[in-house]
Structures are given as C-alpha cells and as structure tokens.
Amino acid sequence: MTRVMHYINQFFGGIGGEDKAEYPLTVTAGTLGPGRLLAGKLGDAGTIVATIVCGDNTAQYSPEHIKQEIVALLEQYEADILVAGPAFSSGRYGLACAEAAEAAQIYGIQSVVGMHPENPGIDLCPADVMIVKAGESAVDMAASMEHLCRVLVRQAAGEPLGSEELAYCIKRDIRCNTASRKKGATRAVDMLLTKIGGGKFESEQLPPHFSRIEPAPPIEVPLSKIALVSTGGLVPKGNPDRLEASSATKWVSYSIAGRASLTPEDFECIHGGIDVTHINAYPNRLIPLDICSEFRAKGLIGALDDEYYVTVGNLTPVARAEQFAIELTARFREKEVHGVLLTSS
Amino acid sequence: MAMISAIPPVPEMMGVPRIVPGSSITCVLGNPDFPVSQEQALRRRIVSKALEALETRVVDTTYFQAA
Numbered sequence: 001m002t003r004v005m006h007y008i009n010q011f012f013g014g015i016g017g018e019d020k021a022e023y024p025l026t027v028t029a030g031t032l033g034p035g036r037l038l039a040g041k042l043g044d045a046g047t048i049v050a051t052i053v054c055g056d057n058t059a060q061y062s063p064e065h066i067k068q069e070i071v072a073l074l075e076q077y078e079a080d081i082l083v084a085g086p087a088f089s090s091g092r093y094g095l096a097c098a099e100a101a102e103a104a105q106i107y108g109i110q111s112v113v114g115m116h117p118e119n120p121g122i123d124l125c126p127a128d129v130m131i132v133k134a135g136e137s138a139v140d141m142a143a144s145m146e147h148l149c150r151v152l153v154r155q156a157a158g159e160p161l162g163s164e165e166l167a168y169c170i171k172r173d174i175r176c177n178t179a180s181r182k183k184g185a186t187r188a189v190d191m192l193l194t195k196i197g198g199g200k201f202e203s204e205q206l207p208p209h210f211s212r213i214e215p216a217p218p219i220e221v222p223l224s225k226i227a228l229v230s231t232g233g234l235v236p237k238g239n240p241d242r243l244e245a246s247s248a249t250k251w252v253s254y255s256i257a258g259r260a261s262l263t264p265e266d267f268e269c270i271h272g273g274i275d276v277t278h279i280n281a282y283p284n285r286l287i288p289l290d291i292c293s294e295f296r297a298k299g300l301i302g303a304l305d306d307e308y309y310v311t312v313g314n315l316t317p318v319a320r321a322e323q324f325a326i327e328l329t330a331r332f333r334e335k336e337v338h339g340v341l342l343t344s345s
Numbered sequence: 346m347a348m349i350s351a352i353p354p355v356p357e358m359m360g361v362p363r364i365v366p367g368s369s370i371t372c373v374l375g376n377p378d379f380p381v382s383q384e385q386a387l388r389r390r391i392v393s394k395a396l397e398a399l400e401t402r403v404v405d406t407t408y409f410q411a412a
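Protein sequence lines correspond, in order, to chains G and H.
Each residue of the first sequence is one higher than the one before, starting from 1 at the first, in our numbering.
Each residue of the second sequence is one higher than the one before, starting from 346 at the first, in our numbering.
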C-alpha cells in the first residue's frame, strides 16, 4: 500500500489562523484535518502515514531549512509520495506547498499539489509536479480532494493520467528536450523566412505570459503621501534582518522618520547581482530620499511615508514578487499611502 | 506606482504601466562621473519625471523620459 505524506498549513491543521502563521514545522502520525477526507477517498490505494503541519510564515522565513526538515521526515516515515494542500487561493500556503514539492523531489519521490490556478505557488513548483486545480476557498474542499485523490492514485501507481484526470490538472508551459533532424540555426532561419514571407509558422517556444496590470488612476502628488520602495537591496548597515542578496524570501521596511537623506555611514546595498560601489558611496542614488525630502519641503510632494520598503529583485521568482506586492499594498492602504516610487537597477 | 529602472525593457515586458528610464544599472539615480551639483540636478529631473508619471492617466505601458 502506498505510503503518503500529507503537508498542510496551521489553519487546516487546526492550530489557528493568521495569529499562528509562525507555528513551527511539526509532524503527527496519521491524518489531520482534511487528510481524513483524503484518507477516506484513498481507501485501500494508500495510507496517509503522517501529516506535516507548518505555519505559512515559518515556511517563508527559512525555506532551505524547512525543505531539509521535510526531506528528513519523508525518510523517517518511508513515504512513497507527498501530497500538499489543497492551498486554494492562499498565496503563502501555495508557496509553502511548492517548497514541500521541492523537498519531495530532493528525496526522490513524486508529489501532487492542490491549489487555485492563480495561486503564486504554481510557478515555484518543480516542473514534473502535477498541480491539481482547486477552488478559491475551502468551500471547494470536497471536489478538490476528490480530484487530488484521483491524480494521487495514478501518480502513486506510476500510471499515466487519463484524459479526465489531466483535465483536473493545471496546464503548465514546461520545456522538454527532444532531438531534431535539423539544427537550431537552420530551423530559426527557416522560421524567419516563413515569417517574412507572410507564411504561417509555429513558434517552438511560447513567450512567458505575464498578466496585464491595470494602471492605477493618476493622483495629485502635492496632496498625496508617497512611499519609497526598491528592489535594490538597500538596508541599514549590517543587514539586521538578513535580507538575501538573491532569491529574496521577504521584503523589509526601515524607518526614515526625521531623515532628509540616506547616508553611506548608516546604509549599505546588499544586492547580489550588481556592483554596489556607487550606491554605497551615496545611497540616495538608489532610493532618492534627498530629492524627495527637498520636494516635500517645497510642497511638491504632500507627505512622505516614514518608512521605506525594500527587497532584492536578483533571481527572485516573479510569483514571489507578486506575493510581496500583495502584502505591500495592504500595508500601504493601512498607512494611507497614495503613490509609490519604485526604484531598481 | 511609477518605476525608475535602468533597464526599461524588463518592466515593459512585465507590463508595468508607468516606466521612468534611469541612468545606469549601478547608479540608477545618479552619475558618479558628474560633480555633485550636476548629479543632484540629474536626480531631481528623474524624480520629477516619476512624480509627473504618477499624475498622468495611462492606458498601456508608457515611458516617461526625463530630459
């Protein structure tokens, strides 16, 4: 019988809501929460040997450490396959499920993950992971679990998915290597000549799809509060919150109350993808607090947020950056920020 | 939001609606070869352009080029 490890977050593990998002990674033998529903549907096809519960914030703070812990637990419980979620629309939970799937890949077993098609966690799942479509919220639990179970049973048995099961999964644009009789250069020139000649051609690779961003309406800057945000990794000297130089897992904010300038004595740039010499010599070259303070004093800007917000864009997945934007926007609404100046390299 | 970027085609690819070209990758709001006052003037121009972008209605990706 297939041994299944189930990964869920603190909410579905019955621990608590947002207040328990820092719940440590724990394991319990057998099923918890929605795992009972899954176990019922699995029947004799498999058994859920253990359930990992982890707080959504905990999973984001130190993903490498979390993955290592999951790998160790997969080994301890001799899991044959991992199931994560369903995470529905919960962004951090979706990202955590993607981490669990990565851990399964490291351990050398397959995984099946469930989440909503717009969950930012999708792009972070390893390419060979089947992601089963889930609804927006737990209202859809029964249907989501039913589909998750069907795909899980096939994957565990090493059987190809039927057309019905494939329809339950989220289509992803994954590149696969294949041999061709013609060299790439020949195919490229042939494609170009066809295109120039007005003929029909089929691109070998689809360009990445980025959804359209609806522009915000204009604001009157002299009446508005402006926040300064950067993906350039400018932090207080010593990088107190250990913002990563690449593949950032978080954004951070620091007070600029009472400051008219970002000084080289107090700030440094920890961005791992550029030469930071010029920014370190004069940090306003990345985040223009000097000019913005001047403009504020002259009334050209209504007010400046008393904090600046920073992350590092270097090798940070788009999906994670989208999650940062969602969180930052919530913070800006709380602080009644009307406009943002975003600076990058 | 207005984005000041040294590599405008990147935010353009992402669909950022208001893009303000910056100076260079290692010095997006400055120029280390300029004397201080000239560099301040450059930074002032780029930031002014970014604020102008915030005040402008846009439909699709729009570049706001500082002088």
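By construction, these hints were calculated from the structure, which means they are not laboratory data.
Everything numeric in this text was worked out from a predicted model, so none of it was measured.
We put the beta carbon where it would ideally sit given N, CA and C, even for glycine.
Honestly, I wouldn't trust all of these hints.
[Unchecked claim] So the derived label-pair ranges between C-beta atoms look like this:
#1 H:Val-355 with G:Asp-128: 24 to 32 Å
#2 G:Glu-118 with H:Asp-405: 51 to 59 Å
#3 H:Val-404 with G:Ala-143: 34 to 42 Å
[To be verified] Using 25 Å as the maximum straight-line C-alpha spacing, the simulated SDA-like pairs for lysine to any residue come out as follows:
#4 G:Lys-298 with H:Gly-360
#5 G:Lys-195 with H:Arg-402
#6 G:Lys-171 with H:Gly-360
#7 G:Lys-67 with G:Lys-237
#8 H:Lys-394 with H:Glu-357
#9 G:Lys-133 with G:Phe-295
#10 G:Lys-67 with G:Ile-15
#11 G:Lys-237 with G:Leu-223
#12 G:Lys-335 with H:Val-381
#13 G:Lys-182 with H:Met-359
#14 G:Lys-20 with G:Ile-326
#15 H:Lys-394 with G:Lys-133
#16 H:Lys-394 with G:Pro-215
#17 H:Lys-394 with G:Lys-171
#18 G:Lys-225 with H:Gln-385
#19 G:Lys-133 with G:Leu-223
#20 H:Lys-394 with G:Gln-110
#21 G:Lys-225 with H:Pro-380
#22 G:Lys-171 with G:Ile-106
#23 G:Lys-298 with H:Val-381
#24 G:Lys-225 with G:Pro-215
#25 G:Lys-133 with G:Gln-110
#26 G:Lys-225 with H:Val-381
#27 G:Lys-195 with H:Lys-394
#28 G:Lys-20 with G:Asp-80
#29 H:Lys-394 with H:Met-359
[What the hints assert, rightly or not] Chain G is faced by these chain H residues, among others (derived, beta-carbon under 7 Å):
#30 Ile-349
#31 Pro-354
#32 Met-359
#33 Ile-370
#34 Val-373
#35 Leu-374
#36 Gly-375
#37 Leu-399
#38 Thr-401
#39 Tyr-408
#40 Gln-410
Against the structure, the hints come out as follows:
1. In this structure, H:Val-355 and G:Asp-128 meet the distance hint of 24 to 32 Å, their C-beta atoms being roughly 29 Å apart.
2. Range check, G:Glu-118 to H:Asp-405: Cβ separation about 22 Å, and the 51 to 59 Å hint is violated.
3. Roughly 39 Å separates the CB atoms of H:Val-404 and G:Ala-143, a value that falls within the hinted 34 to 42 Å.
4. The straight-line distance between the Cα atoms of G:Lys-298 and H:Gly-360 is roughly 33 Å, outside the 25 Å bound, and the hint therefore fails.
5. About 36 Å separates the Cα atoms of G:Lys-195 and H:Arg-402, which puts this hinted pair outside 25 Å; it is violated.
6. Restraint check: the Cα-Cα separation between G:Lys-171 and H:Gly-360 comes to about 23 Å, which is no more than 25 Å; the hinted pair holds.
7. Distance hint between G:Lys-67 and G:Lys-237 is unfulfilled; the C-alpha atoms sit about 30 Å from each other, more than 25 Å.
8. Between H:Lys-394 and H:Glu-357 the alpha-carbon distance is near 17 Å, which keeps this suggested pair within the 25 Å criterion.
9. For the given pair, G:Lys-133 sits about 49 Å from G:Phe-295 by alpha-carbon distance, which is inconsistent with the 25 Å threshold.
10. The hinted pair formed by G:Lys-67 and G:Ile-15 meets the criterion: a straight-line CA distance of about 21 Å does not exceed 25 Å.
11. A distance of roughly 33 Å separates the Cα atoms of G:Lys-237 and G:Leu-223; the hinted pair therefore is violated under the 25 Å criterion.
12. Restraint check for G:Lys-335 and H:Val-381: not satisfied, since their Cα atoms lie roughly 34 Å apart, outside the 25 Å limit.
13. Among the hinted pairs, G:Lys-182 with H:Met-359 is inconsistent with the structure: their alpha-carbon atoms are about 33 Å apart, more than 25 Å.
14. The suggested pairing of G:Lys-20 with G:Ile-326 holds, with an alpha-carbon distance near 20 Å, which does not exceed 25 Å.
15. Taking the CA atoms of H:Lys-394 and G:Lys-133, the gap is about 44 Å. The hint is violated against a cut of 25 Å.
16. Restraint check: the Cα-Cα separation between H:Lys-394 and G:Pro-215 comes to about 17 Å, which is no more than 25 Å; the hinted pair holds.
17. Note on H:Lys-394 and G:Lys-171: the hinted pairing is violated, with a Cα-Cα distance of about 41 Å set against a maximum of 25 Å.
18. Distance restraint check for G:Lys-225 and H:Gln-385: the Cα-Cα separation of roughly 23 Å lies within the 25 Å cut-off, and the hinted pair is therefore satisfied.
19. A hinted pair counts as satisfied when its Cα atoms are at most 25 Å apart, and G:Lys-133 with G:Leu-223 does not qualify at roughly 45 Å.
20. For the given pair, H:Lys-394 sits about 51 Å from G:Gln-110 by alpha-carbon distance, which is inconsistent with the 25 Å threshold.
21. The straight-line distance between the Cα atoms of G:Lys-225 and H:Pro-380 is roughly 31 Å, outside the 25 Å bound, and the hint therefore fails.
22. Annotation: proposed proximity of G:Lys-171 to G:Ile-106 holds, straight-line Cα distance about 23 Å (limit 25 Å).
23. As the CA atoms of G:Lys-298 and H:Val-381 are separated by approximately 21 Å, the hinted pair is consistent with the 25 Å bound.
24. Of the supplied pair hints, the one linking G:Lys-225 and G:Pro-215 holds, its CA atoms being roughly 18 Å apart against a limit of 25 Å.
25. Between G:Lys-133 and G:Gln-110 the alpha-carbon distance is near 17 Å, which keeps this suggested pair within the 25 Å criterion.
26. The straight-line distance between the Cα atoms of G:Lys-225 and H:Val-381 is roughly 28 Å, outside the 25 Å bound, and the hint therefore fails.
27. Between G:Lys-195 and H:Lys-394 the CA atoms are separated by roughly 39 Å; this puts the pair beyond 25 Å, and the hint is violated.
28. This hinted pair does not check out: G:Lys-20 and G:Asp-80 have alpha carbons roughly 30 Å apart, beyond 25 Å.
29. Using a Cα cut-off of 25 Å, the hinted pair H:Lys-394 and H:Met-359 holds, with the two alpha carbons roughly 21 Å apart.
30. The closest approach between the C-beta of H:Ile-349 and any C-beta of chain G is roughly 5 Å, which is under the 7 Å cut-off, so the hint is satisfied.
31. For H:Pro-354, the shortest C-beta to C-beta distance to chain G is roughly 13 Å, which exceeds 7 Å, and the interface hint is violated.
32. Using the Cβ-Cβ criterion of 7 Å, the hint placing H:Met-359 at the interface with chain G is satisfied: the shortest such distance is roughly 5 Å.
33. With 7 Å as the threshold, the beta carbon of H:Ile-370 comes within range of chain G, its nearest partner Cβ sitting at about 5 Å, so the hint holds.
34. With its C-beta approaching chain G no nearer than about 6 Å, H:Val-373 sits inside the 7 Å limit, and its interface hint holds.
35. A distance limit of 7 Å between C-beta atoms decides the matter here; for H:Leu-374 the minimum to chain G is near 5 Å, and the interface restraint holds.
36. Annotation: H:Gly-375 was flagged as interfacial toward chain G, and the flag holds, the nearest CB pair being 4 Å apart, inside 7 Å.
37. Residue-level restraint check for H:Leu-399 holds (minimum Cβ-Cβ distance to chain G is 5 Å; threshold 7 Å).
38. Taking 7 Å as the C-beta contact cut-off toward chain G, the hint placing H:Thr-401 at the interface holds, the least distance being around 6 Å.
39. Among the interface hints, the one on H:Tyr-408 is violated; its C-beta lies about 13 Å from the nearest C-beta in chain G, farther than the 7 Å criterion.
40. Below 7 Å, beta-carbon pairs count as interface contacts, and H:Gln-410 has none with chain G, the closest being about 16 Å; its hint is therefore violated.
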